[in-house]
Amino acid sequence: KWATFGTEDSAVLTVTPDTEYPIELRLRDYTGASWMSLQWDPAGGTDYVPVPSANLTPKTLGGGLLAEYYDGEAFQALVTRRIDPEMQFDWGSNAPTPDSMMDADHFSVRWRGTITTGPSASARWCQAASADVRTSRAA
372 KWATFGTEDS AVLTVTPDTE YPIELRLRDY TGASWMSLQW DPAGGTDYVP VPSANLTPKT
432 LGGGLLAEYY DGEAFQALVT RRIDPEMQFD WGSNAPTPDS MMDADHFSVR WRGTITTGPS
492 ASARWCQAAS ADVRTSRAA
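Sequential numbering of the sequence shown, starting at 372, is according to our numbering.
FYI, nobody ran anything at the bench for these hints, they're computed from the structure.
Pair ranges (Cβ atoms, derived): (1) Tyr392 to Phe446: 19 to 25 Å; (2) Pro388 to Ala445: 37 to 43 Å; (3) Asp476 to Pro393: 26 to 32 Å; (4) Ala448 to Thr417: 36 to 42 Å; (5) Asp474 to Glu391: 30 to 36 Å; (6) Asp461 to Thr387: 29 to 35 Å.
Built from N, CA and C at the ideal position, the CB exists for glycine as well.
All chains, please: the whole structure from these sequences, using the hints.
Here is the structure:
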């Protein structure tokens with residue numbers, strides 16, 4: 372499901388300690404300033420911190436998620452692929468890539484990979500974005 376513009380969403384999940392879970396994040400921007408953040412509280416409380424890159428895969432370049440950046444808000448024209456080591460972005464009113472192939476107000480991004488839980492048996496996941504966002508996590 373797509374979250375609405377300007378939302379902050381969180382969910383408490385019971386997870387197996389030290390286990391990898393598939394994750395996919397999708398962001399569609401169709402307005403001015405945009406940002407995206409994926410945070411968690413590995414202890415299951417309310418103290419959100421960015422998910423460490425070591426807990427995100429593919430780990431080929433030290434950790435992170437595979438990112439696909441598209442021009443257009445419906446994943447129309449792939450501009451670039453890269454590994455994003457952290458899920459903390461504040462693009463403001465700029466395009467998310469430095470090249471001129473992306474519109475600053477109409478773009479979409481898909482991040483895929485896995486997230487590895489810590490030693491706690493529960494975690495709280497928080498995603499926040501200034502545009503539509505959808506998250507998928509397979510159990």
